[in-house]
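Each chain, letter by letter, is given below.
2 protein chains.
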Amino acid sequence: MTKTGVAAVIGLGSMGRGAALSLLRAGIKTHAFDIRPDALADFAANGGVAHDSAAGAVKGAEVVFLFVVNADQVEDVVFGTGGAVAVAGPGTVFVISVTQGPASTIAQARRLADAGMLCLDAPVSGGSAKALAGEISVMASGPAAAFDRAAPHLAAIAGRVFPLSDAPGAASKMKLINQLLAGVHIAATAEAMVLAAASGLDLHQVLKVIGDCAGASWMFGNRGPHIADGDYTPHSAIDIFVKDLGIVSDAARDLGASVPMASGARDLFCEAASQGLGREDDAALAKILATRAGILLPGMIQG
Amino acid sequence: MTKTGVAAVIGLGSMGRGAALSLLRAGIKTHAFDIRPDALADFAANGGVAHDSAAGAVKGAEVVFLFVVNADQVEDVVFGTGGAVAVAGPGTVFVISVTQGPASTIAQARRLADAGMLCLDAPVSGGSAKALAGEISVMASGPAAAFDRAAPHLAAIAGRVFPLSDAPGAASKMKLINQLLAGVHIAATAEAMVLAAASGLDLHQVLKVIGDCAGASWMFGNRGPHIADGDYTPHSAIDIFVKDLGIVSDAARDLGASVPMASGARDLFCEAASQGLGREDDAALAKILATRAGILLPGMIQG
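Chains D and H, in that order, are what the protein sequence lines are.
Using my numbering, you'd call the opening residue of the first sequence number 1 and step up by one each time.
Using my numbering, you'd call the opening residue of the second sequence number 1 and step up by one each time.
Where hints are given, some of them may not hold.
Because identical chains cannot be distinguished in the list, a pair is counted as satisfied if it fits within a single copy or across any two copies.
[Stated by the list, open to error] SDA-like mimics (lysine to any residue), calculated; alpha carbons at most 20 Å apart, straight line: (1) 29 x 133; (2) 208 x 162; (3) 130 x 162; (4) 243 x 200; (5) 130 x 82; (6) 59 x 83; (7) 208 x 160; (8) 208 x 161; (9) 59 x 87; (10) 208 x 163; (11) 208 x 165; (12) 208 x 166; (13) 243 x 281; (14) 208 x 159; (15) 208 x 135; (16) 208 x 116; (17) 59 x 40; (18) 130 x 46; (19) 29 x 254.
What the hints contain is simulated information worked out from the structure, not anything from laboratory work.
Start from the sequences, fold in the hints, and give me the full structure.
Right, here's the structure in full:
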């Protein structure tokens, strides 16, 4: 047995792939499963051990990262037929890095504990580039034993780990706050870039100036260049924020809170998805607003 | 005559005061006018020369900074009875650091040129702390002669100067883009902090974590602490963004552009103003949303 326990990663999307490659780079033996054969082939080509089922990847692992998209997928890969929990050894740490409602995370953590597993509620933030560099930020809550056992693995994938509580749920709540802001800021970035273009401003100059002013945001700095360059290669797709702002909206409803800004952003993401842009980069919200304004942004063609 | 020409500052609000004190600190003789006697007394106590009219402050100045609130005030202090342009020497540089519609700036610049003056369209950004430190960012457009003559003065007040064009108007357009983003981000910050409080998260922990994640923005970092600390001392008041988002809205209408996020934020600022919060710090938007959610934030008392 190696000094650092074997890892498994379920879900090799932009965040999961970055985490998996970061684990490999740290010298940790890493197994993975994804439903997409090309994602598995890429992982294997980078030195990982690819499997055609979640159970296959998890068997023998000490720490299992879940980078799937939503609560239904967690249900499927962990608790479903051929799922992970049936083959995992006692005390295996399940690191749930999924953006989902806190109630889902809490319920999953309870079922995992009942099955003799350890669990960390551990959503991540920072984008695909940081994920690939092993510099992602991790919001985490769960028992000390889970933190201890997964410490080398978290160190491999994360620039910062924020331990928030010993109870699962706190990190998922924090992630929703982050997604509320991130979703609104993407929509604001799109709206600002379209108004700038309509005003006749140079979009690269806008990026440079605003990045130094009080209008700056992480999302403006990250997504703004996609719009200025007309490059909508999906780093994070429109559909992700349709989902995430839906979770924010549901959480707000359950708490009796009012989220008009998140609702406004959600409307735009839903409109973009309904117009066939769901798999494009989320900066493609700008196309919706450009069309409304009757202008063409870089990369747009007369429709 | 000193090597660097005498300066005048009209309007000693949070940005004007910071600029005026930065000019003094750079060894530039500086005159000022404000309608508020206490602002003038503070300026005089810091080594400046206080005047009871704009004309008094401007007479003999080579560079005149306008830090008033809106286009009407520019009209008043520059072109009105006892206004600046009547006493200014030929070639005086008027630096218009006012957030107003580009059409207003362009019209003022034309009238100033007709009167033999130089003019820079030069809105600023960065907040009161940077203004006081002489580290504000300046977006500027205007003729090279105006840039040249005002260069030492701009260096005294600014951390960065972005020369955008030789025509007034470009900088005002850029400032509107900044204000669109800034206003939306303040509203998003308020909404996120209220949802976080309703979720039971520790607000100072939220500031720390989100500041390191993709939900970060300049405004979240600047205004978020006001909410977590319950301190609504006005650094920038609700009323400012009622005005600025109104200008954004008018500009968007004129350009045929759609700004749903800015409109949503504007609704919140207007609601806050109508509830008597207009003179409070703009972070007080959070109080509106907290009341809707039926929770109390730090510093709020049972109403």
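Against the structure, the hints:
1. 29 x 133: Cα proximity of residue 29 and residue 133: one copy only (18 Å, versus 52 Å across).
2. 208 x 162: between (31 Å within a copy, 9 Å between copies)
3. 130 x 162: within (16 Å within a copy, 30 Å between copies)
4. 243 x 200: Answer is neither; intra-copy 34 Å and inter-copy 23 Å both fail.
5. 130 x 82: neither (32 Å within a copy, 58 Å between copies)
6. 59 x 83: within (10 Å within a copy, 81 Å between copies)
7. 208 x 160: Close across copies (11 Å), not inside one copy (27 Å); limit 20 Å.
8. 208 x 161: between (30 Å within a copy, 12 Å between copies)
9. 59 x 87: within (6 Å within a copy, 85 Å between copies)
10. 208 x 163: between (35 Å within a copy, 12 Å between copies)
11. 208 x 165: between (39 Å within a copy, 15 Å between copies)
12. 208 x 166: between (42 Å within a copy, 18 Å between copies)
13. 243 x 281: within (14 Å within a copy, 33 Å between copies)
14. 208 x 159: Between copies only: 14 Å across, 26 Å inside.
15. 208 x 135: between (24 Å within a copy, 17 Å between copies)
16. 208 x 116: neither (52 Å within a copy, 33 Å between copies)
17. 59 x 40: within (17 Å within a copy, 75 Å between copies)
18. 130 x 46: Answer is within; shortest intra-copy Cα gap is 18 Å, inter-copy 47 Å.
19. 29 x 254: Neither way: residue 29 and residue 254 sit 42 Å apart in one copy and 60 Å across, limit 20 Å.
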